Structures are given as structure tokens and as C-alpha cells.
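Respectively, the protein sequence lines represent chains Z and A.
Basically my numbering = 1-based index in the first sequence + 194.
Basically my numbering = 1-based index in the second sequence + 194.
Take the hints with a grain of salt, since some may be wrong.
Identical copies carry no separate label here, and so any pair may be met within one copy or between two of them.
Quick list of in silico lysine-lysine cross-link-like pairs, DSSO-like style, CA-CA up to 30 Å [as the list claims (entries may be wrong)]: (1) 729 / 303; (2) 709 / 474; (3) 709 / 511; (4) 638 / 729; (5) 303 / 474; (6) 729 / 474; (7) 738 / 511; (8) 303 / 738; (9) 528 / 303; (10) 709 / 638; (11) 528 / 729; (12) 709 / 738; (13) 303 / 709.
No wet-lab data here; the hints were simulated from the structure.
As the structure is a prediction and not an experimental result, all values here were calculated from the model.
There are 2 protein chains.
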Amino acid sequence: MAEDRLIYLPLGGAGEVGMNCYVYGYGRPDHERLIVVDLGVTFPDMDSTPGVDLILPDIEWLEARRDRIEAIFITHAHEDHVGALGHLWRRLGAPVHARAFTAHIGRLKLNEHGLAPETITTASPWPETVQAGPFRVGFLPVSHSIPESSALVIDTPAGRVMHTGDFKLDETPLVGEPFSGALWAEVARPGVRALVCDSTNVFSRNPGRSEASVGPEIERLVAGATGMVAATTFASNIARVRTLAEAGHRAGRSVVLLGRAMRRMVEAGITTGVLTDFPKVISAQEAQDMPRENLMLLTTGSQGERRAATAQLSRGKYLGLRMHEGDTFLFSSKTIPGNERSVLRIVNAFSEMGVDVVDDGSDRYHVSGHANRPDLQTVHGLIDPAMVVPMHGEHRMLREHARLAQEGGRAAIIAPNGTMLDLGGDRPVVADYVETGRSYLDGKLQVGALDGIVRDRIRMALNGHVTVAVILDEGDDLVGDPWCEVMGLAETGASAAPLVDVLEHDLGQALGRAKAGTLADDGAIEDLARRVVRKSAMDEIGKKPEVTVVVSRLA
Amino acid sequence: MAEDRLIYLPLGGAGEVGMNCYVYGYGRPDHERLIVVDLGVTFPDMDSTPGVDLILPDIEWLEARRDRIEAIFITHAHEDHVGALGHLWRRLGAPVHARAFTAHIGRLKLNEHGLAPETITTASPWPETVQAGPFRVGFLPVSHSIPESSALVIDTPAGRVMHTGDFKLDETPLVGEPFSGALWAEVARPGVRALVCDSTNVFSRNPGRSEASVGPEIERLVAGATGMVAATTFASNIARVRTLAEAGHRAGRSVVLLGRAMRRMVEAGITTGVLTDFPKVISAQEAQDMPRENLMLLTTGSQGERRAATAQLSRGKYLGLRMHEGDTFLFSSKTIPGNERSVLRIVNAFSEMGVDVVDDGSDRYHVSGHANRPDLQTVHGLIDPAMVVPMHGEHRMLREHARLAQEGGRAAIIAPNGTMLDLGGDRPVVADYVETGRSYLDGKLQVGALDGIVRDRIRMALNGHVTVAVILDEGDDLVGDPWCEVMGLAETGASAAPLVDVLEHDLGQALGRAKAGTLADDGAIEDLARRVVRKSAMDEIGKKPEVTVVVSRLA
């Protein structure tokens, strides 16, 4: 009989920033008992996933082994770690563990899907632990950009694994537990077999800065502002939200929370006790009656999201409030690669209104929530693991992080999504490659990324669409002329005649010349019509549209 | 009779980086004689302009006054200054002036549109000038990131205007004329009424660095590399292309030019005499037989363009050449906002191959071609104009540049596209607002940005598309059942039945219940069908698709 083994399998997050989902297993090969760490989402974009609502990890592998899943652990309440919980939980059905703040957010998500809040058990922090089959898991508090983030200390029969989750080293995080080298050293003392470690900021060469460093800068900015001040950050960055609110409060301004996530996160913070002493908040309605120099708005949408409060303010008003010449708008945030255009659209719209925009260029009003390169080296040294497995990062980040660990004399491996590792030996070894990918939440459905649906949408967006209708009688003769309708294409092309007239004429000719056999065969008619339409459109307008052919036969 | 006036009108470039097109006029109001400065393009993106090939300035205002256009001046050969020449020239029909390198590129563009090369007259640099109606225009050499860039010294009866084009202050530009403070001072001596000035880098706080500073860094990198080295930059940045080629040559590597633009630009440089001493180049075919450590590839596609050489290499091979583990890929370029995702896709693909990617993070291997904030201050001082008109930049840049000029005690104004200024007084004054915008090159056609074509494409991409076919007889009775086809939508929804079956069933029911009047009216049938399909699809799959309804009536 094969020996028990300890495996690690990323299903999301290793090869991307976002959509975190990791599996650990212990037992005989193909009989391991499993735990899942995080069930996150990532976000669609117009280039590759138009019309998609959310991108979820492909959990088919897990679902096929659901009887072996002992538990699901959520490290923190960011969408890329907990966002898929509501969408995917039914397919896994295992108990969920998280600390209070994370559990609160997770329960709101389960509730939206009609799932019971008791599915999630609130965990106490390390040194408390949760037993899950062969695993004993502790939530070690780490600092990040949301309250109660945790690394997981995972004890297994093969030794201890430390899964960092997202983290930074911050001794003055303002909200939540400060980084404690002593505590980490205590965790490391029995020996750590594998450090599975956040790679997001491996390319940031300077040590990370503390959340406490931005407060004075923000206070100075707000104190010196004359008109209304608005500021945006991720609502879940509760320390920052409080810093912004306090800066407003100290400058004699009333605080207004704009955007659902902003109100929800502040409520969650207060409910779960992580947020105390939050300045008094007034409603948007109350704010309308106040002098604008006495207002401090905190808004959602720091990444330029079209429907969020920030974008709406940039297009006009939001809940009756408007930005004016002489007002100040602060981005207390960093633009995530890919969101630049949306954010700049907002900055320029504010500029047209005469609003002074203060953005992230200076790094004065924002610090990252991830450990930078020197911080990663510190952690490698502090935990002193037998091996480092870089996770959470694009491939280039995993690669750089592995190199950094190797330069420090440690075994390391690049294990992108789908790479199953055996962590039981001296160094990580690839045990298997698992078919994995993404699935799309599209309206009400979860569809496979490779189903072709999104590919067809992209093609219609690039090429436009032509509908062709052909009617035939019982003798396979054409009834009337073929009919065309276009969408997303110019009405008139090179010949100056309406495009549909040209297409219908060319189709009529081609079908008129077609052999009887062709007209007896719907597939042959479709092929012919598609070919004719694409060629005629190319001649007329220089584009090859997508074509839908409807063949109707009179009985 | 009204007095003569001097006007300035940006039709593109003021409110964006790209698509430069500026108009100057002199004469009685609405009878001014006109000159055009630059005819540039900007590039489409999937978010806002899917399927569009190029974005051109809307020149309707100019076209309606084509009898008043004396000449077109092109400052330099970047696409955002000359790219629309071939597409738009016929609609303006005026003589074109440019310096030799720019003229060479411009003629290639005219040739592609069957236009005569003599349309462009090669201009000599300042102090030579070209007379164009009431304007006398000199090409003052400036340094930028392409050879023979020029500021225009525009003498008018109302005084001298200096239109900088794109520029930086570089005393060692490697290719082209170094910046000469003495020459600029000479131009300024008679007094400059208006400085119309590049704003691109107004937010860059440090003085710009010289092109000469990157050479040693690149040489060091290439000399230390072991496998094949490939590097990308804008092909038109001939100084950089030569620096890269020389670094390869000195390291004992043979240079290979990959991508049409790379070969075309090097040829243009040699033909026009701006590029001398370029190392010997070998073909991709010859390169295949050489040891990879003896090769230096220069590739197009520094912005992640899908079809360029760089992207193709990242997906596999290009002209038989492949990147391998241990090779080095250098981005000697800066990623333009909005292109991050495409560039990172390439970086990660190279990372998966084990290629060492050196990107722009360090600023060691790239310098900008635009004047930074302190450089702009230097130029304001050197030219000492009566007024500063910021151009070429997003609105936030124009605004910041105007503020910078005002802080220096000069009159300045923000004049976005369509703002006609009267430059004849003490300070710039808005004379008029002109309806302006963009037009799209879409296949063979130029279509208006507001024609709704692109909007329909975006909707199909977001919502998918359903085709409905309905046949009625002479008595307005349905013949057979309505027929549906979907594109870009899931095949099966909530009810587990095929989506088209559900749609056809619901349509059949709705049409069966419809009043006779409805079935007699094609528009009413279409409205009803669209409503039913959208509602049923929403219930089944949670999306409201675009719908094309084809109603056929048997005669």
C-alpha cells in the first residue's frame, strides 16, 4: 500500500493576482483528506470576458472529491479570497471556518444565495486551532489591508505548513493586530516544512511602509483644503477608511459614506468590534444642507468602476451631491493594472469640473497591503522553512519569488494553478498536473470559460452581425427573396447603396444559381449564405461579420 | 468691417494624448486663411471602440472651409501626428510640408492611398521658412523620440507663435539635432505672442534624462546576458533602435530586425540620412543557423500589440525563432496607460518559458521623449511668451500645465478640442466653440463616432444576440412556429431545457395571444418579440440579449 503523502494544489491565484483557491491534502495517493483555503473571484474585462459578471475558479476537481473535503478555511474577507463562497459552496458542501470579521462578510454572501449562516464557524485566532481530518489549522493574525487577515498554521502528520494568505509586516496597522516577530518565531520554533507565501509585491524593492504613515499626510491635505473634500479607497480597507474619516472630522468636516460597500464595511467593522471610535456619519441628504467646506465624502469605486459612487460623481451627481470647482478629490489607493483607463477617465472628468485631483502618483496617501521584497526575505528568515512555495501572483512574480528564496539558500518551486505538489520530502516535487481553469458567472449561470459563448460575443463586437432569413417551399424552391438585417455595421458601404440591399442582392443571385441539392440541405444553405455575406460585406465595408442564417421551410 | 484676428483651434490632441490636429487662422472672422498642424490618429480599444481599426479626428469643420486652407504642416512622423494623412488628405486637398524623414514616412502613407508623393514638399529646417498665405512657418529642430521632430515657428501679422509639437530638452539625443538653448533664445528674441506647448509630462517632477543615458545601461545588460537577447522599443525611436543594435554588435551578436515597422523605420532612417553607421543586420532565416548567444533580436510590439513580433514570440515562434529558458527579453519602453494588461500577458508568457524579462520598472533602459515639468518651466522662461496655451495632453495635464504657467506669472488657458481661441490680445480669449469629435476607420469606411454602430457592437458583446424569425400568411396568420437562434449565450438555462426551445415556446404563446392588429403590423410584432425574448432570457439565464426580428410575409 502506498504511503500517506502531503499535497498542495492551487486551483486559482497561482499565476494571477486574484481568484485564490488552494487545496491541501493528506493521506494515501488519491485518497487524501482535503481542506480548501479560500474561494475567491477575479473580475472580467471587456477585452477577454465581455458581458461576464464574475470569474470563478474551476472547482470540478474538488467537486468530484467532495466526500473527501474536511473543511474550507477563509484567510480574509477580500473578494479574491471569499467572493466565490456564495456561488460555489453548494458544490462543495463542507463546513467553513473564518475569523469574526471574515465570517460576518461570508455570511452576508451565503445569505444572498439562501444558504444558512451556521455554515460558517467563527474561529478564534492562534494559538486556538480547528481540527479538520488529519489537519489542525490555526488562524495566525497578519496585517494586510482588511481587518483580521490571517495566515494559516496547518499542522499535518508530515509536519507544519504555513500558508501566509495576503500579508504585510506592519507594526502599526491602526486596525487589527500589529506584526509580531516574536509570535512568528514561536510558530516557526517546532520547524516549518513549507512556507506557502504571498508573492504580489516581490518586485517592490523597498521595505513596505506602515498604514500609520499615511495618516499625517492625509490630515495635512484635508486640513489645507478649502472646498468639499472627497476621498476613495477600497471600502474593505477599514483602517484607511477610519484614517480618512478622522482627517475629515479633525478638520471640522462631517463625514458622508457614499456607496453600498462603504456603508456595509463600516457596519461590519462596528458589528464585529474591529472598528471603534468611528466619527459620526451624516447622510447624503443631510449633507445637501451643509456648507461644502464642512463635508468629507468617502466614496466607493477607487478602481474606476462605472457604477460606483466615484464614477457617478465624475459624471454629475450622486445622491444629490456634486463636485465643484475648488473641491478636492483624493485617490487613497493604487490603480490595479488594467484599470488605468477607467480611473483616468474619472480624473479627467473631475479636471473638467475644476476639481483638484490628488492621485496615487506620489505614494504619500496610500501604502500597499502586501509584503515587499525585503519583507519577504525577512519572513523567509524568520520562519526558516525547509521549502518555499510562492503563491498569489502572476507567473513572473512566482518565478521571481522562487528565485529570491533560492538565492537565500532554500528549496523553492514555481507551481502555477493545476500543479499538484508533494510537500513531504526535502524539496517540493510535482506529483501531478490537474486540468484546471476558470468558470464564468454570466447572468444566472456558471458557464465554462471554454464554452465558446464569450468567444462569439467578442467576434460580434469585432465584426458586427448579419441575420439572413431564407424561406423555401416544399419543392425546395425559394419563396420570395432572402432577407438581411445588420447590427453593429455601417448602413452604407463602397457602392453607396444600402448594405442590406447589396447583401440581399448577392444572396439572391447565389441562391438562384445554387444546385437543387444545395437548397434541399439546410446546412449547405447556411454555409453558402455565410460565405456570400462575408465576401460581399468585405467588398462593401471591409469587414467580415458574424452571420446567423435562419432557414424556414413551408410544410 | 471686422478686424483681422489670429485664431487657434485644436481638433484633436487637446484633451487626450494622441490624435493631434490643430488649426491656426488669420484674417477677418469667418474668413481667416487657415493652416493645419498635424493629422494624427489614436488607437481603439475593446472597452469603447471594439472592431474599430483607427480613430481619426473629425475634420468636418475644416472640410467645410477647405478653400481657405493654405497648407498642412507635419511636426514629426509619429502616428499620432501623421497617421491620418493618408485617410484624410483627399477631404482637405492642401499642400503638405514636412522635414525629410517625416516627409518620407508621409509619402509611404499617401502611396498606400494612391495619392501622389509630390503632395508633400520637403522642408528645410529653421531658419528656412515656408510661406502659406498670411503665415510664414519655420521648422525648428527639437529633440523627441523620432528623428527630425520640429517645433513650428509661425510668424503671423499678429506676431510670432511657437507650436512646440512633441519635444524634450536633450543635449545628447544621439540621432538628430541636440537641444540648443541659444537657438531657442534667438527664436524668442523678436518676442513670442503665444507658446502652444506639449503637456504630456507635466506631472513628471524631475528633469528629463538624455537618450545618451540609456546606452551604457543597455550595453551592460546585453554584455552580461548568456542566451539569446531580444529587445523591443517603438521602431520609430531610431536613436534607441541604434543604441540597442550597437549594444548587441559590441557584445559580438548579430542583429535581427523583426516586424515590418522595425525594418521600415531603419530603412527610412538610412534613406533619409538621419541614420548612419547602423550595424550589419541579418535575416531571421540566417539567424536560425547561428548559436543563440550570438543573436540580438529587435522586435516591434512594445505595447503588447497582439500581432506584432513581440507578442508572437511570446506565443511561440516568429519567423522560425523561439525564446528559450535562459534568454533575455528587454522592454526598452514605457507601457502606455491602458496597455498594461497586454504587456503583462506577454511578460508572463515569457516567464513561463523561463525567459528573463527586464521591463520598464527601473527606468534604466528607457527615457521619455517629452519635456518634464522642470523642462517646461525652462522653456516658458526661455521663450518668454505673452501667453501659454497647453496642448497635447489629457485634460488633467492641460490643467496642470496652465497652472504651472500661471504660477510663473504668465497668461494661460485650458483649451480642449473644439475651443477656438483668439490669440491677438494680451491673453488668450475663447472666440468660439466648434462642434468636434472623432471618426472611426472601420474596415474600409470612415464612420461617425456617434452613429450607433459601435454602441450596438458593445451591446452584443455584453448581452449576446438572439435572432427571431416569424412567418405570416396573407391573412396575417402565423405560418409554423417562430424560430430562434442565439449567439454568445448559454445553450441551457434555469429550466434545464434548451434556451431556444424556451424562447420559441414563449414567443409562440405570446404571438398566439396577440390581437389581429398586432400581427398585421411588422413593427408591433418586432416590439412584442423583442420584449418576450428579453423577458424569457432574463428568467432563464439572467441576461437581456440584443434581438433581431425578421418578419416574413408570404405574398
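Hints and how they fare:
Proximity of residue 729 and residue 303 under a CA criterion of 30 Å is satisfied inter-copy only: 26 Å between copies versus 50 Å inside one chain copy. Taking the closest pair of Cα atoms, residue 709 and residue 474 never come within 30 Å of each other, the shortest separation being 80 Å inside a single copy and 60 Å across copies. With identical chains, the CA atoms of residue 709 and residue 511 are never at most 30 Å apart, being 63 Å at best within one copy and 44 Å at best between copies. For the identical chains of this complex, residue 638 and residue 729 are inter-copy neighbours only, at 14 Å across copies versus 37 Å inside a copy, given an alpha-carbon limit of 30 Å.
In this assembly of identical chains, the alpha carbons of residue 303 and residue 474 lie at most 30 Å apart only when taken from the same copy (27 Å versus 64 Å across copies). Proximity of residue 729 and residue 474 under a CA criterion of 30 Å is satisfied in neither setting, with 66 Å inside one chain copy and 44 Å between copies. Taking the shortest alpha-carbon separations for residue 738 and residue 511, only the inter-copy value of 27 Å comes in at or below 30 Å, while the best intra-copy value is 42 Å. When the C-alpha separation of residue 303 and residue 738 is checked against a cutoff of 30 Å, the pair qualifies only between copies, where the shortest distance is 25 Å, while the shortest distance within a copy is 44 Å.
Taking the shortest Cα distances, residue 528 and residue 303 sit within 30 Å of each other inside one copy (26 Å), while across copies they are farther apart (41 Å). With identical chains, the CA atoms of residue 709 and residue 638 are never at most 30 Å apart, being 45 Å at best within one copy and 33 Å at best between copies. In the homo-oligomer, the alpha carbons of residue 528 and residue 729 never lie at most 30 Å apart, since the shortest distance is 47 Å inside one protomer and 40 Å across protomers. For the identical chains of this complex, residue 709 and residue 738 are intra-copy neighbours only, at 25 Å inside a copy versus 40 Å across copies, given an alpha-carbon limit of 30 Å.
Taking identical chains as interchangeable, the C-alpha atoms of residue 303 and residue 709 are never at most 30 Å apart, the minima being 60 Å within one chain and 46 Å between chains.
Consistency note: the structure conflicts with the earlier hints numbered 2, 3, 6, 10, 11, 13.
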